[in-house]
Amino acid sequence: MKRLFITAACMISLAAGALAGSPMAEIKTTTDKVLASLNDPKVQGDDKKAQRIGLVQKAMDTRFAWEESARACLGRHWAKLSPGQKTEFIKLFSQFLEETYAQKIATYYGELDHIAYQGEKIIQDSGTDYAQVKILLTTKSNVDHPVEYRMQKNAAGDWKVYDVIIEGVSLVKNYRDQFDAIIAKSGYDGLIQEIKAKKPASPDLR
Amino acid sequence: MKPTLLCLLLLAAAPLARGVDLVSDSVFNDPFDNAGPVGKKLQSNSTEKKAADGSFHDPFAESNSTTAEQPAPAVSDPIEKVNRVFFTFNDKLYSWVLKPISRGFGFIAPTPVRESLDRAFVNLKYPVRGVNNLLEGQFTGAGVETARFVVNTTVGIGGLFDPASRWKLKPQPADFDQTLATYRIPSGFYLNLPVLGPSSARGAVGSVGDMFLNPTFYINPDWIGLAVTGANTVNYTSLHYKEYDTLKAGTLDPYVAMRSAYFENRRHALEKVRAKAQDKAQDNTQEKAQEKVQSKPRAKTKVVGQDKK
Numbered sequence: 051m052k053r054l055f056i057t058a059a060c061m062i063s064l065a066a067g068a069l070a071g072s073p074m075a076e077i078k079t080t081t082d083k084v085l086a087s088l089n090d091p092k093v094q095g096d097d098k099k100a101q102r103i104g105l106v107q108k109a110m111d112t113r114f115a116w117e118e119s120a121r122a123c124l125g126r127h128w129a130k131l132s133p134g135q136k137t138e139f140i141k142l143f144s145q146f147l148e149e150t151y152a153q154k155i156a157t158y159y160g161e162l163d164h165i166a167y168q169g170e171k172i173i174q175d176s177g178t179d180y181a182q183v184k185i186l187l188t189t190k191s192n193v194d195h196p197v198e199y200r201m202q203k204n205a206a207g208d209w210k211v212y213d214v215i216i217e218g219v220s221l222v223k224n225y226r227d228q229f230d231a232i233i234a235k236s237g238y239d240g241l242i243q244e245i246k247a248k249k250p251a252s253p254d255l256r
Numbered sequence: 024m025k026p027t028l029l030c031l032l033l034l035a036a037a038p039l040a041r042g043v044d045l046v047s048d049s050v051f052n053d054p055f056d057n058a059g060p061v062g063k064k065l066q067s068n069s070t071e072k073k074a075a076d077g078s079f080h081d082p083f084a085e086s087n088s089t090t091a092e093q094p095a096p097a098v099s100d101p102i103e104k105v106n107r108v109f110f111t112f113n114d115k116l117y118s119w120v121l122k123p124i125s126r127g128f129g130f131i132a133p134t135p136v137r138e139s140l141d142r143a144f145v146n147l148k149y150p151v152r153g154v155n156n157l158l159e160g161q162f163t164g165a166g167v168e169t170a171r172f173v174v175n176t177t178v179g180i181g182g183l184f185d186p187a188s189r190w191k192l193k194p195q196p197a198d199f200d201q202t203l204a205t206y207r208i209p210s211g212f213y214l215n216l217p218v219l220g221p222s223s224a225r226g227a228v229g230s231v232g233d234m235f236l237n238p239t240f241y242i243n244p245d246w247i248g249l250a251v252t253g254a255n256t257v258n259y260t261s262l263h264y265k266e267y268d269t270l271k272a273g274t275l276d277p278y279v280a281m282r283s284a285y286f287e288n289r290r291h292a293l294e295k296v297r298a299k300a301q302d303k304a305q306d307n308t309q310e311k312a313q314e315k316v317q318s319k320p321r322a323k324t325k326v327v328g329q330d331k332k
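Protein chains in written order, with the numbering used here: chain A, 51 to 256; chain B, 24 to 332.
Watch out, some of these pointers could steer you wrong.
Said to hold, decoys possible - Covered by chain B, per the in silico footprint, the following chain A stretches (three or more residues, Cβ under 8 Å):
hint: 1; region: 149-155
hint: 2; region: 190-200
hint: 3; region: 227-237
As the list claims (entries may be wrong) - Here are the simulated DSS-like cross-link-like pairs (lysine-lysine), alpha carbons at most 30 Å apart as the crow flies:
hint: 4; chain 1: A; residue 1: K83; chain 2: A; residue 2: K210
hint: 5; chain 1: A; residue 1: K171; chain 2: B; residue 2: K191
hint: 6; chain 1: B; residue 1: K295; chain 2: B; residue 2: K148
hint: 7; chain 1: B; residue 1: K193; chain 2: A; residue 2: K78
hint: 8; chain 1: A; residue 1: K108; chain 2: A; residue 2: K190
hint: 9; chain 1: A; residue 1: K99; chain 2: A; residue 2: K190
hint: 10; chain 1: A; residue 1: K248; chain 2: A; residue 2: K235
hint: 11; chain 1: B; residue 1: K122; chain 2: A; residue 2: K99
hint: 12; chain 1: A; residue 1: K99; chain 2: B; residue 2: K115
hint: 13; chain 1: B; residue 1: K271; chain 2: A; residue 2: K210
hint: 14; chain 1: A; residue 1: K171; chain 2: B; residue 2: K299
hint: 15; chain 1: B; residue 1: K271; chain 2: A; residue 2: K184
hint: 16; chain 1: A; residue 1: K235; chain 2: B; residue 2: K115
hint: 17; chain 1: A; residue 1: K248; chain 2: B; residue 2: K115
Hints in this document: simulated from the structure, not taken from any laboratory.
Quick reminder that beta carbons are idealized off the backbone N, C-alpha and C, glycines included.
Let's have the full structure, built from the sequences with the hints guiding it.
Structure below.
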């Protein structure tokens, strides 16, 4: 009896996984697309890095929920902002995050060996669907990096990423802690100034 | 009649438009956020304004027993001023001394050679992982680490290669800080140690414990042991300096970013140990009940569509 139940559950979940538009399928599609475009021989080499960053940025724009990410990163400070400030913050924050994140992917993609899509979990909260997608990146030197995407289904029914957790370190939480510290020290205006002053992240990676 | 209808329609559409066009007012609340060190603190801050912000509660936190049971304490950093001084010191030490040397070394030695060397250094520290796996009650982990050490030291030529991983013997990281954590000892305040970097009160104690388990500590004369440690550091940095540089490039306050990441990463490592212990306990009870269902997914999370390349 129990075995039957488990088999049925497996079949249902397999069917659900096969349906297009499951959060994990969306992550896989986007990842495959980005990797394919990054591995294009036309964009190889150090001089083509700007192009590669552009490719990643384009993909991120279709998959990221910038507003939700920005809200989560500001935490309790969000409610104190005026609508104009909110719009400005989302714009600045998404540019900043996109640049930093795209830099990382465009730098490290060559070290990737394979990705295991480990599973997804969908929960409903206050009428909104949330998903947790776990993947495992394995580098060419055989080191595993667990990555978790947290997603929200938007009004249009699309799954969008609002947080990425790498080795247990949440992007949103890390920025929230930084923003908290900066706001405590120099206020919200100080934070905005710092984000604006931060040059497009360009680490010295030679 | 018509204007009234139009008005009604507009009124009905108003919340819709608000939802679409206007930026939401409420704090974004992550239902998956299982209240880590700072998350807990922030949540308790935001609960006062919960009603005003309209933020929703976290249903996932309750079901996630591993963290809900033992909420980690809020990050405390009473000696931030001193920590920041050492952070700057380490940063300069890194950029002016360690990175140039490591890059020079990286220029001479090809990456596969440096990776092999790094594996050998890791292999050498087997007693740290072996003993701490035992102290944590992870007997399988200790066994796997021992098997890895034997295989990699012999077949892997002194640990230069890692054939054990190909034989499904994956590393089982463990250290004394983690051991103390499994004994429910809180991490204590944040410490940014000179040279050694991010740590905590518990982490510092753990480092001392691990030092005694590290074979290089017993090398006689001392200077050879120090040279080995130095070579290990230079070699490791030559493989990993990109990570520190990208961290610095992508942060507004690298000190806070590092502190936050340190505690989150430690919490994650501890969660993995607890999950393993839980799995083991579940397996045991299942065996007792003679109900061993084959190929059980890793409990807790509902795994949909396993896809391994």
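Hint-by-hint comparison with the structure:
no., hint, in the structure
1, 149-155, "holds (count 4)"
2, 190-200, "holds (count 4)"
3, 227-237, "holds (count 6)"
4, K83/A with K210/A, "holds, 16 Å"
5, K171/A with K191/B, "holds, 27 Å"
6, K295/B with K148/B, "holds, 21 Å"
7, K193/B with K78/A, "holds, 25 Å"
8, K108/A with K190/A, "holds, 26 Å"
9, K99/A with K190/A, "holds, 21 Å"
10, K248/A with K235/A, "holds, 17 Å"
11, K122/B with K99/A, "holds, 23 Å"
12, K99/A with K115/B, "holds, 28 Å"
13, K271/B with K210/A, "holds, 27 Å"
14, K171/A with K299/B, "holds, 20 Å"
15, K271/B with K184/A, "holds, 26 Å"
16, K235/A with K115/B, "holds, 24 Å"
17, K248/A with K115/B, "holds, 20 Å"
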